[in-house]
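Participant: As a plain string of letters, each chain reads:
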Amino acid sequence: MELYITEISKYVIALLMALYAYESFAVFRFRDEERRGGIYTRQNLLMLVVHFSCFMAICFETGDITYLFFYIFQQIVLFVTVMLFHMVYPRANRLVVNNMCMLLGVGFVILTRLSYEKAVKQFVIVVCSIALTMVIPFFIHKMKFLKKLTWVYALVGIAALAVVLILGAYTNGSKISYSIGGVTFQPSEFVKIIFVFFVASALHESATFFEVFTTAVVAGIHVVILVISKDLGSALIFFVVYVLMVFVATRNPLYLLAGTTGGSVAAVIAYQAFRHVQVRVQAWRDPWSEIDSTGYQITQSLFAIGSGGWFGMGLFEGTPNSIPFVEADFIFSALAEELGIIFAMCVILICLSSFIMFMSISMKLNDSFYRLIAFGLGVTYIFQVFLTIGGGSKFIPLTGVTLPLVSYGGSSVLTTLIMFAIIEGLCMVKGDEEKEEKYAVRKKRKAKNNRTEERNERKEE
Amino acid sequence: MKEKKSRCPQKKRTNLPIMAVTYLFTAVFVSMMVYICYYSATHKQELINNSYNGRQQVLTAKNIRGTIYAGGGEILAQTVTDEEGKEERNYPYGNLFSHAVGYATHGRAGVEALGNYYLIHSNAPLSEKVANDMSGVKYPGDDVHTTLDVNLQEVAYQALGVYKGAIIVTEPSSGKILAMVSKPDYDPNQIEEIWDSLVEDKESGVLLNRTTQGLYPPGSTFKIVTALEYMRENPDTYQNYGFQCNGSFSDGADRINCYHGQSHGSVNFARAFAKSCNASFANIGVELDKGEFQDTLDDLLFNQELPLELSYNKSRIEVYDDSPNKDMMQIAIGQGTTGMTPVHLNMITNAIANDGVLMKPYVIDFVENSMGSVVKQFSPSSEKRLISSEEAAALKGLMRGVVEEGTASRLKGLSYTAAGKTGSAEYNTVKGDSHAWFTGFAPVDDPKISVTIIIEGAGSGGDFAVPIAKRIFDAYFQE
Numbered sequence: 001m002e003l004y005i006t007e008i009s010k011y012v013i014a015l016l017m018a019l020y021a022y023e024s025f026a027v028f029r030f031r032d033e034e035r036r037g038g039i040y041t042r043q044n045l046l047m048l049v050v051h052f053s054c055f056m057a058i059c060f061e062t063g064d065i066t067y068l069f070f071y072i073f074q075q076i077v078l079f080v081t082v083m084l085f086h087m088v089y090p091r092a093n094r095l096v097v098n099n100m101c102m103l104l105g106v107g108f109v110i111l112t113r114l115s116y117e118k119a120v121k122q123f124v125i126v127v128c129s130i131a132l133t134m135v136i137p138f139f140i141h142k143m144k145f146l147k148k149l150t151w152v153y154a155l156v157g158i159a160a161l162a163v164v165l166i167l168g169a170y171t172n173g174s175k176i177s178y179s180i181g182g183v184t185f186q187p188s189e190f191v192k193i194i195f196v197f198f199v200a201s202a203l204h205e206s207a208t209f210f211e212v213f214t215t216a217v218v219a220g221i222h223v224v225i226l227v228i229s230k231d232l233g234s235a236l237i238f239f240v241v242y243v244l245m246v247f248v249a250t251r252n253p254l255y256l257l258a259g260t261t262g263g264s265v266a267a268v269i270a271y272q273a274f275r276h277v278q279v280r281v282q283a284w285r286d287p288w289s290e291i292d293s294t295g296y297q298i299t300q301s302l303f304a305i306g307s308g309g310w311f312g313m314g315l316f317e318g319t320p321n322s323i324p325f326v327e328a329d330f331i332f333s334a335l336a337e338e339l340g341i342i343f344a345m346c347v348i349l350i351c352l353s354s355f356i357m358f359m360s361i362s363m364k365l366n367d368s369f370y371r372l373i374a375f376g377l378g379v380t381y382i383f384q385v386f387l388t389i390g391g392g393s394k395f396i397p398l399t400g401v402t403l404p405l406v407s408y409g410g411s412s413v414l415t416t417l418i419m420f421a422i423i424e425g426l427c428m429v430k431g432d433e434e435k436e437e438k439y440a441v442r443k444k445r446k447a448k449n450n451r452t453e454e455r456n457e458r459k460e461e
Numbered sequence: 001m002k003e004k005k006s007r008c009p010q011k012k013r014t015n016l017p018i019m020a021v022t023y024l025f026t027a028v029f030v031s032m033m034v035y036i037c038y039y040s041a042t043h044k045q046e047l048i049n050n051s052y053n054g055r056q057q058v059l060t061a062k063n064i065r066g067t068i069y070a071g072g073g074e075i076l077a078q079t080v081t082d083e084e085g086k087e088e089r090n091y092p093y094g095n096l097f098s099h100a101v102g103y104a105t106h107g108r109a110g111v112e113a114l115g116n117y118y119l120i121h122s123n124a125p126l127s128e129k130v131a132n133d134m135s136g137v138k139y140p141g142d143d144v145h146t147t148l149d150v151n152l153q154e155v156a157y158q159a160l161g162v163y164k165g166a167i168i169v170t171e172p173s174s175g176k177i178l179a180m181v182s183k184p185d186y187d188p189n190q191i192e193e194i195w196d197s198l199v200e201d202k203e204s205g206v207l208l209n210r211t212t213q214g215l216y217p218p219g220s221t222f223k224i225v226t227a228l229e230y231m232r233e234n235p236d237t238y239q240n241y242g243f244q245c246n247g248s249f250s251d252g253a254d255r256i257n258c259y260h261g262q263s264h265g266s267v268n269f270a271r272a273f274a275k276s277c278n279a280s281f282a283n284i285g286v287e288l289d290k291g292e293f294q295d296t297l298d299d300l301l302f303n304q305e306l307p308l309e310l311s312y313n314k315s316r317i318e319v320y321d322d323s324p325n326k327d328m329m330q331i332a333i334g335q336g337t338t339g340m341t342p343v344h345l346n347m348i349t350n351a352i353a354n355d356g357v358l359m360k361p362y363v364i365d366f367v368e369n370s371m372g373s374v375v376k377q378f379s380p381s382s383e384k385r386l387i388s389s390e391e392a393a394a395l396k397g398l399m400r401g402v403v404e405e406g407t408a409s410r411l412k413g414l415s416y417t418a419a420g421k422t423g424s425a426e427y428n429t430v431k432g433d434s435h436a437w438f439t440g441f442a443p444v445d446d447p448k449i450s451v452t453i454i455i456e457g458a459g460s461g462g463d464f465a466v467p468i469a470k471r472i473f474d475a476y477f478q479e
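Residue numbers (this note's numbering), protein chains in the order written: chain A, 1 to 461; chain B, 1 to 479.
Hints in this document: simulated from the structure, not taken from any laboratory.
Among the hints, a few may not be true.
[Said to hold, decoys possible] Coverage of chain B stretches by chain A, computed from C-beta distances (three or more under 8 Å per stretch; other residues unrestricted):
#, segment
1, 21-29
2, 50-57
3, 332-339
Glycine included, every Cβ here is placed at the ideal spot set by N, Cα and C.
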């Protein structure tokens, strides 16, 4: 009996997930948020069913009904998040909230399967983070002085990274975290946001060669500190975000060319100079010959991706725990193994859909500061997704970053939730701009009417 | 007011970079998704068979390893569960199929390795799985049906006798492997007990499947390749070739002797091939264009990966642009540093028999689930054209000559027609010891079966390998 349910649930979950992924792109057919209402409601329903089916499968597979209680708590939190955002910020983009909650739900499912203890810990962190981030859209909307803090951002960012470099603890060979009162922080995660604010505030008024040069120096310091800390993934993210933001701010493709060339030269130098870069590249080119040392992680990840097939082995049916750090860096491989390639592809599509929505919001903003913020955060997000999934599947060399919202890791999930909340704040800014525009148009029309009236009056005189 | 007006057109232009970045990432993600789907679909088996992949243990804990069958339905390997639930792999034919079917403990070999993915997976119907769950029995793994023919395997096995060596029997038109014998061999039922001694024994190489992994000097069988190259370089005039053989050929201080110093007198091209005249072929060897020769060797898969899923060694040959005559004389008659596997020689033979086209050799015919419905069917696939159809016809004629008036005359005047080439590969120049080779096919007009035989240290191919070929052909055509 259990077998029938677990077998059938595999297909049901994949199908529902595919429907959700479809809806998250169907949204872009309509330009107005109002006309997308039906889609969003369907998405909410699908989220509920996918989440529920996954936990039903877990309960049947393990025979442990206590998972159901955990599920109910998760469902409540996700439901409340969706509702609250909608009520508190009616102008907020609902696709962003839906995708955010869907990815959190997927994360809860797979983390529960990998390690119940870690899943509970993650759940607590997510609840606190959501509570914290609920106020962010309001502040982004109201605090106009954020544009002027250019050098504060630069100093805070560099200081935070430098502190880790000097005082930080080594995790898996990289210095990326330090602890305050028992809580471990990974500052490079938060600095990503600060860095985007820095570049946006520095370049939003004018982006001449002088500004580009000074920001390049600051960006360079960030990247160098991260490379020395052996946090190559983050270094790469900062670099790519910087180059693309400069390209958008200046609208000059030459900077893109210069950035790519500079980046390639830097990559070659880094490859020559650092042993750990060579090891990573070697393990990417041919992990099979180093299968019990440097190639171990990536080959275990490939085993997981290759074993699931289109519909997966089923939750608790595979052995994703054989991949070291599966719950952080290789969560995607665990998803592919147990929930199948189709499900995993849908997760990628949801991430992509969020990114496209970020870009769409960015394009609609008139104020170039906010516009750059939306763009920068979007690129930060999607590039990180690319690094982790591409690295885990041997598409690109492994850099060891998390899959935002899905992976285990407090700093990572809090940072991503803040990013999503900032985007919602920007939606409100956009609302203001639209209102202003309408107001301006009305005023113009009024002025015009007045003038014609005046003229008429004068004529009459 | 002016500012407001100029903003609208400007807005369109400023969106361009963001649009570009959006499209860029979308394109990157689409290619990554295609890559992941493609990779996971095409590398499934390879990944599951890797010994570092712990998922094999998960599957074997869940499913009973499937059965391996011969083409006629005979059981070649099965898993027997005793009353205590202990599983044991049983091979009813013992040594007979040791290298073909292989073993499944201490690593894997043969069909046990090739079909491992299917054997450890279960496609049993859901209802049967549910019933098994209820009664606490493991699921039945899928069964692998091979192309192997028990009768031919027995004949080949007996014919090789106590000699070390290898025999491969295939169907040229499809690439089906009908028999595969390699000696020395072992009893796969005893693999647990004898494993350590087999691994320690580095001398005899019992675990080596000589048909696919044994690298031998091809000896005179290589004259097929030399002859092909000569015909390619002299398409219109090779028929006019003439040579006066007095038992040896010299180039400066270097000298090539015919087998046992026999002199063949005046020979033309066909007769030089039929009689396997070393002097004549050494003479051809020094005339060959080395660049073109390298191209021909590439066409015939020398120094290259073979289209074969069993584990094998690549054949190696060293022809360089500046190879001296001394080396070319040796290479032309299949001596020197050249090393070739029997399966590779069989592939070339099959291409000649099959109008120049090589069919990919395969040993797994189809896979069935416990209810007998086919899970996966393997069908013949043409790998590639090795030689042109005219070249295949010409080589066929030459090989027919070997039977009619040459070294394989023991195959003459039978109920079927045969063609082939013998070889006596010297591996000990001092003593003149040689491996006996034969590769050939029958019937000539419509080849149904091809054999490649090597007997280590037996003597001449004509005396030792050809009679074995005859026994195999006889057995095949009697059926």
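Participant: Taking beta carbons only, do three or more residues of the segment 21-29 of chain B come closer than 8 Å to chain A?
Facilitator: It holds, with 6 qualifying residues against the three required.
Participant: Quick check: do three or more residues in the segment 50-57 of chain B have a beta carbon closer than 8 Å to a beta carbon of chain A?
Facilitator: Result for this restraint: holds, n = 5.
Participant: Within the segment 332-339 of chain B, is the number of residues with a Cβ closer than 8 Å to a Cβ of chain A three or more?
Facilitator: Check failed, 0 qualifying residues.
Going down the numbered hints, you'll see the structure goes against just number 3.
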